[in-house]
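Could you build all of it, start to finish, from the sequences and the hints given here?
Just so you know, the protein sequences line up as chains U and A, in that order. Sequential numbering of the first sequence, starting at 1032, is according to our numbering. Sequential numbering of the second sequence, starting at 5, is according to our numbering.
Treat the hints with care, since some could be wrong.
List of simulated lysine-lysine pairs, DSSO-like, C-alpha gap at most 30 Å [as the list claims (entries may be wrong)]:
1) U/LYS1330 x A/LYS126
2) U/LYS1112 x U/LYS1099
3) A/LYS119 x U/LYS1330
4) U/LYS1059 x U/LYS1037
5) U/LYS1174 x U/LYS1037
6) U/LYS1112 x U/LYS1037
Read the hints as simulated data drawn from the structure, not as lab findings. Note that the structure is a prediction, hence the values are computed from the model and not measured.
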Amino acid sequence: MIDLDKLRNTAAETVSRDDVKHLVGWKKGTFGYRVAPCVIENAEEAESLVFSPLCAANLATYITLPEKLPVPKGEQPDDRKTALMVKGCDSRAVVQMLVEQGIDRDQVVIIGCSCQGVVDLQKVEEKFPEPLDTVEAEWKEDKIVFKLPDGEEEVARDEVLADNCLICRYPNPVIADVSLGSEVEPAKDGEDSSVKEIEDLSLDDRWEFWEKEFSNCIRCYSCRNVCPMCYCDDCVMDRLNPAWIYRSVNYSENTVFNLSRAFHLVGRCVDCGECERVCPMGLPLGKLNRKLAREVREKYEYEPGLDPEEKPFQASYRPDDQEDFIL
Amino acid sequence: MSDKFEPNIVAFLCNWCSYAGADLAGTSRIQYPYNIKVIRVMCTGRVNPLYILNALQQGADGVLVSGCHPGDCHYMEGNMFARRRLGLMKDLMEFVGVDPRRFQMSWVSASEPNKWKEVVEKLVEETRELGPFEQFQRNMINW
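Below, the structure is given as structure tokens:
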């Protein structure tokens, strides 16, 4: 549990530093359970920041978002830092960007917030339909308290937490300039049992399951746009020549799109659950990511986003990598 | 024309080992099935996993990626990267329900034409059992 005053003070202090351009944090949304990411540029605005179980957005995406306009002749580029509020998973995304040299360490100021898990809005809305007024929420031991317009409601954490938070291995930021909140215990069981369930199905049943899911995809690319690890300037999904993946929405292209999206995250996915959260069609994208993350962890003993000094997974190898599948 | 299904297999062969191995099989007059369509690449490390999906999309019934034995790579370590990358691609394809026999990898050196023959025969036989690939093949309109 993080003291909000302390968080706002830290944010105000950070954002008033000379070498910090802006700070990205969460603020109260305009209705219901919504919490919106916000960019603040001066200390007064820090009063609007919040940190609650509703802060699901992964702000690490925002480091690579600003457009870098050409600097006019004779002017110095604005190389002030971006301050960022991160949860455990977001901090791993930042580390993974450092590993891939997507960003420099002196480009960001990281305010780490220990996180006890964020809620899945669908699960919450099943219990309490979304009201028009803004709702606040907070962690209270192993419960989450929602301050609804008609009184407070308490729910057990396990009932409303997002799937990836239920199996969270790293609730505490792995990298931070300022840490807030006390250490949080990681989940006891870090494995996703639903991945195992799919693996136990026969090949045909698995395909039936995934074909149905993939055929729902409307190719809005939300999963790609929200992903902190998808920051390539030139994305293969947008490329028209060669067009590896056609833009038509049919099961063939959808399958290949989803497979290659998942594959581009091999050894990089930090399981922040953003792709699954933003998917308007509710595709279980997290299952694909977690399956691959588990293979990487078990077969190759590699876990992304922990050590900034490590080499990227796909750009390294070990002589004793498994090769029992090779003829 | 017979109705018997003849598989269509796309093979990505590395220039330095497997392609030379397949070449040697040819010059040594070792017969191997003609179902295989060879695409020469400079190294297996150059094979983008997307190529495999794309080959399957465009009508291949099976895909083979073949390169140098570990340690023999002309570029020192290209096949090591391929082993990691394509091994995981195979896991992913299996997870969504594509038969793992649709995509195979092999190490065939320039002096192993007999191994090349065995690999191709095995592959063609397996793919023939599996039948045509229809899971996410592109449906081209026949004008």
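Between U/LYS1174 and U/LYS1037, is the straight-line Cα distance small enough, at 30 Å or below?
Judged against 30 Å, a Cα distance of about 22 Å means the pair holds.
Given the hint that A/LYS119 pairs with U/LYS1330, test it: the Cα-Cα distance must not exceed 30 Å.
Since the Cα atoms of A/LYS119 and U/LYS1330 sit roughly 28 Å apart, the hinted pair holds (cutoff 30 Å).
Verify the proposed pairing of U/LYS1059 with U/LYS1037, using a straight-line Cα cut of 30 Å.
At roughly 17 Å apart (the allowed maximum being 30 Å), U/LYS1037 and U/LYS1059 satisfy the hint.
For the pair we were handed, U/LYS1330 and A/LYS126, check the Cα-Cα distance against 30 Å.
Given that 30 Å is the threshold and the Cα spacing comes to 27 Å, the pair holds.
Would you check the hint for U/LYS1112 and U/LYS1037, treating anything up to 30 Å between C-alpha atoms as holding?
The hint holds at about 21 Å.
For a C-alpha distance cap of 30 Å, please report whether U/LYS1112 and U/LYS1099 respect it.
holds (14 Å)
In this structure, every one of the numbered hints holds.
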